[in-house]
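Peer 1: Residue strings, one per chain:
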Amino acid sequence: MAEIVLDKVTKRYPDGALAVSEANIEIADGEFIILVGPSGCGKSTMLNMIAGLEDISDGELRIDGQRVNEKAPKDRDIAMVFQSYALYPHMSVRENMAFPLRLAKVDDATVRAKVDEAAEILDLTQHLDRKPANLSGGQRQRVAMGRAIVRSPKAFLMDEPLSNLDAKLRVQMRTSVSKLQKQLATTTVYVTHDQTEAMTLGDRVVVLRGGLVQQIGSPQFLYDNPANLFVAGFIGSPAMNFMPATLADGKVTSPLGDVTLTDRVRQLVEAANANRDVIMGVRPEHFEDARLIDDAARGGGVVFKSRVEVLESMGSDKYAYFNVDGRHIESQELAELAADAGTADAGETAMALVTRLSAASGASEGEELDIWFDADKVQLFDPESGRNLTYSG
Amino acid sequence: MAIQTAPDQDQWTRPSIWTRWGPKARWGLIDILVIAYAIIPVLWIVSLSFKTPSTLSDKSFIPNEWTWDNYINIFKTTDFIQALINSIGIALIATLIAVVLGTMAAYAIARLDFPGKRILVGVSLMIAMFPQVSLVSPLFDMERSLGLFDTWPGLILPYITFALPLAIYTLSAFFREIPWELEKAAKMDGATPGQAFRKVIAPLAAPGVFTTAILVFIFCWNDFLFAISLTSTNESRTVPAALQFFTGASYFEDPTGTTSAAAVIITIPIIIFVLFFQRRIVAGLTSGAVKG
Ligand SMILES: Nc1ncnc2c1ncn2[C@@H]1O[C@H](COP(=O)(O)OP(=O)(O)OP(=O)(O)O)[C@@H](O)[C@H]1O
Ligand SMILES: [Mg+2]
Chain A
1 MAEIVLDKVT KRYPDGALAV SEANIEIADG EFIILVGPSG CGKSTMLNMI
51 AGLEDISDGE LRIDGQRVNE KAPKDRDIAM VFQSYALYPH MSVRENMAFP
101 LRLAKVDDAT VRAKVDEAAE ILDLTQHLDR KPANLSGGQR QRVAMGRAIV
151 RSPKAFLMDE PLSNLDAKLR VQMRTSVSKL QKQLATTTVY VTHDQTEAMT
201 LGDRVVVLRG GLVQQIGSPQ FLYDNPANLF VAGFIGSPAM NFMPATLADG
251 KVTSPLGDVT LTDRVRQLVE AANANRDVIM GVRPEHFEDA RLIDDAARGG
301 GVVFKSRVEV LESMGSDKYA YFNVDGRHIE SQELAELAAD AGTADAGETA
351 MALVTRLSAA SGASEGEELD IWFDADKVQL FDPESGRNLT YSG
Chain B
1 MAIQTAPDQD QWTRPSIWTR WGPKARWGLI DILVIAYAII PVLWIVSLSF
51 KTPSTLSDKS FIPNEWTWDN YINIFKTTDF IQALINSIGI ALIATLIAVV
101 LGTMAAYAIA RLDFPGKRIL VGVSLMIAMF PQVSLVSPLF DMERSLGLFD
151 TWPGLILPYI TFALPLAIYT LSAFFREIPW ELEKAAKMDG ATPGQAFRKV
201 IAPLAAPGVF TTAILVFIFC WNDFLFAISL TSTNESRTVP AALQFFTGAS
251 YFEDPTGTTS AAAVIITIPI IIFVLFFQRR IVAGLTSGAV KG
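Chain order of the listed sequences is A and B. Residue numbers for the first sequence follow the UniProt record's numbering, beginning at 1 and rising by one. Residue numbers for the second sequence follow the UniProt record's numbering, beginning at 1 and rising by one.
Some hints here could point you the wrong way.
[Claimed, not checked] Label pairs and their calculated CB-CB ranges:
{"id": "1", "chain 1": "B", "residue 1": "I35", "chain 2": "A", "residue 2": "T175", "range": "54 to 62 Å"}
{"id": "2", "chain 1": "B", "residue 1": "G28", "chain 2": "A", "residue 2": "E312", "range": "32 to 40 Å"}
{"id": "3", "chain 1": "B", "residue 1": "I270", "chain 2": "A", "residue 2": "T175", "range": "42 to 50 Å"}
{"id": "4", "chain 1": "B", "residue 1": "S47", "chain 2": "A", "residue 2": "G137", "range": "53 to 61 Å"}
{"id": "5", "chain 1": "B", "residue 1": "Q195", "chain 2": "A", "residue 2": "Y13", "range": "23 to 31 Å"}
{"id": "6", "chain 1": "B", "residue 1": "I270", "chain 2": "A", "residue 2": "N134", "range": "30 to 38 Å"}
{"id": "7", "chain 1": "A", "residue 1": "S237", "chain 2": "B", "residue 2": "F114", "range": "52 to 60 Å"}
{"id": "8", "chain 1": "B", "residue 1": "R118", "chain 2": "A", "residue 2": "A185", "range": "46 to 54 Å"}
{"id": "9", "chain 1": "B", "residue 1": "I39", "chain 2": "A", "residue 2": "N134", "range": "33 to 41 Å"}
{"id": "10", "chain 1": "B", "residue 1": "R279", "chain 2": "A", "residue 2": "Q172", "range": "35 to 43 Å"}
{"id": "11", "chain 1": "B", "residue 1": "G194", "chain 2": "A", "residue 2": "E312", "range": "53 to 61 Å"}
{"id": "12", "chain 1": "A", "residue 1": "K71", "chain 2": "B", "residue 2": "R118", "range": "28 to 36 Å"}
{"id": "13", "chain 1": "A", "residue 1": "K71", "chain 2": "B", "residue 2": "P115", "range": "51 to 59 Å"}
{"id": "14", "chain 1": "A", "residue 1": "G137", "chain 2": "B", "residue 2": "Q195", "range": "39 to 47 Å"}
Since the hints were derived computationally from the structure, they do not count as laboratory data. Built from N, CA and C at the ideal position, the CB exists for glycine as well.
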């Protein structure tokens, strides 16, 4: 049980690489916090600094109000689950889980009792005498968790603990991690690359980019109110659609047509002192087949016509992809996001627009379709700084 | 076109001897050739060691007259027994020291970034490549003036010097195989660096340590150059050097039989050493540590 505070924590590697820059994060006792961001943004570095495996170059790390910068990992009373599990291959499952207790010189009877209890929780009882080499991926993962929970540490640190599992097992383990954390109510810092894990597991999410904290908040808040272009593009799957647009007199001229901003959005934009050139962002689920929208609601949005290029029917809803004319957006943040998602496409003139329509939609591939989107859900960003001009946090 | 391919087809339907035997037989044959190449000289020595002096040069592979005399003779003199004791003692001590030092150095090289690391690796590589024969006369002079000549330490020291690069290289390859994260995990579990090394790293490095021990032991055991140059009496003369000074039962007799018997005897400790440690060289000991 512990409160962890990062106060302007900075990490500079000996070769000069700045991995984490002035991170300020306050993690409450018992909180489940998620670190996300593209590869190389400093997630593992931050976790290793909390663990004590990496020195802190600058700033202060406090656990329960006490400065721990100089403390060795073993004196911080924190347990860590590694991406690779890092099980001791020469020890049985029981010995693996008992290892931290043995080092702490706990007596045999207590060790036995605690290991049995943890094995019970993690459903490992029948595997206790086996070696890690003879376990499945999911079982190894649970042994790694077991080794972390046996000694009831102040906090858990987990570095992409589920990324080595196959999709089905990952879903299963995700729920058990979540249950386990609630049951133990231990402060947890969890690094992930996975959208779903980020959205479903944590109380709060920290989005990192290039060593800088972009935004901290509950998953829903980040989704609804991204502070900038990067967070908007990173949170949400499929990602938000971005297109270049111009803003004048409360009206946005975009490749999807002219959008008259609602009063709420207009006030936000005015308060933000927006320039003429903006980037407009619309989430896929804010589009709908225009035929399914009644006339009263139609007025609150914009209707445009386009040809359905690809249609994916998921049963519960349909994903329709369109090509929309418009120039390519020059943005460092969007380029980074595309690189991380592996979709970096060089110099295409037509942009792909992703929409999520309800299952009742009559859309079919290759046909023209009237599509409506909600003008109140439109988000506008400054192309220079990436700042969200419609931010209402 | 069709007519031309007909003979080819016939060849395909009747596979050659090689393809019919299959890969197993082919590998078997190659194995036999390699083993024969390696073992025939050894068997020849064994055969010589059982021959009587008169049948020594009869060119028959299997002795016509079997005798234990050669073996009995070498153990009659104290020369051979003393040389055997020297060999075993010197090789074991040198191996122990080289492996302990090598383990520590290799661990540092594989794991730590310290100033002068590249130089250390470079120097040890240089030592390994240095022609030993060019060091013999300086060493001879140095050991004479230091009083190390013809003593156990006088041989142990150069053996350690030349075995260390070998030990460091083999061991650092093994250390690099051990996932870094295991050590981090041990630290997180509350281990001091010493405990992490003793309880996690050392058990996993054991196969590497034993492999290295075998290689170093064989190197020391087989050395002839230093043994002949840096010794002068039974005080410290090892078996490879002592073989030189063997005489037959009488001064004028051909010592081939006794030399062969001694050669057979000195291969036995190596075989025991290898068999003893081989059991501990369990391949794939680190499997299961990390996903993969
Ligand atoms: N030992 C090191 N020396 C120098 N630079 C390093 C070192 N370790 C990491 N870095 C750099 O620090 C940055 C952050 O690395 P880190 O491992 O924290 O990324 P990450 O967010 O965990 O990425 P991933 O999602 O791929 O695991 C990277 O740019 C990386 O190149
Ligand atoms: Mg990482």
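Peer 1: All hints, please: hold or fail.
Peer 2: Now the hints, each set against the structure:
{"no.": "1", "hint": "B:I35 <-> A:T175: 54 to 62 Å", "result": "holds, 58 Å"}
{"no.": "2", "hint": "B:G28 <-> A:E312: 32 to 40 Å", "result": "violated, 57 Å"}
{"no.": "3", "hint": "B:I270 <-> A:T175: 42 to 50 Å", "result": "violated, 59 Å"}
{"no.": "4", "hint": "B:S47 <-> A:G137: 53 to 61 Å", "result": "holds, 57 Å"}
{"no.": "5", "hint": "B:Q195 <-> A:Y13: 23 to 31 Å", "result": "holds, 27 Å"}
{"no.": "6", "hint": "B:I270 <-> A:N134: 30 to 38 Å", "result": "holds, 35 Å"}
{"no.": "7", "hint": "A:S237 <-> B:F114: 52 to 60 Å", "result": "violated, 45 Å"}
{"no.": "8", "hint": "B:R118 <-> A:A185: 46 to 54 Å", "result": "holds, 50 Å"}
{"no.": "9", "hint": "B:I39 <-> A:N134: 33 to 41 Å", "result": "holds, 38 Å"}
{"no.": "10", "hint": "B:R279 <-> A:Q172: 35 to 43 Å", "result": "holds, 41 Å"}
{"no.": "11", "hint": "B:G194 <-> A:E312: 53 to 61 Å", "result": "holds, 58 Å"}
{"no.": "12", "hint": "A:K71 <-> B:R118: 28 to 36 Å", "result": "holds, 33 Å"}
{"no.": "13", "hint": "A:K71 <-> B:P115: 51 to 59 Å", "result": "violated, 26 Å"}
{"no.": "14", "hint": "A:G137 <-> B:Q195: 39 to 47 Å", "result": "violated, 28 Å"}
Checked against the numbered hints above, the structure violates hints 2, 3, 7, 13 and 14; every other hint is satisfied.
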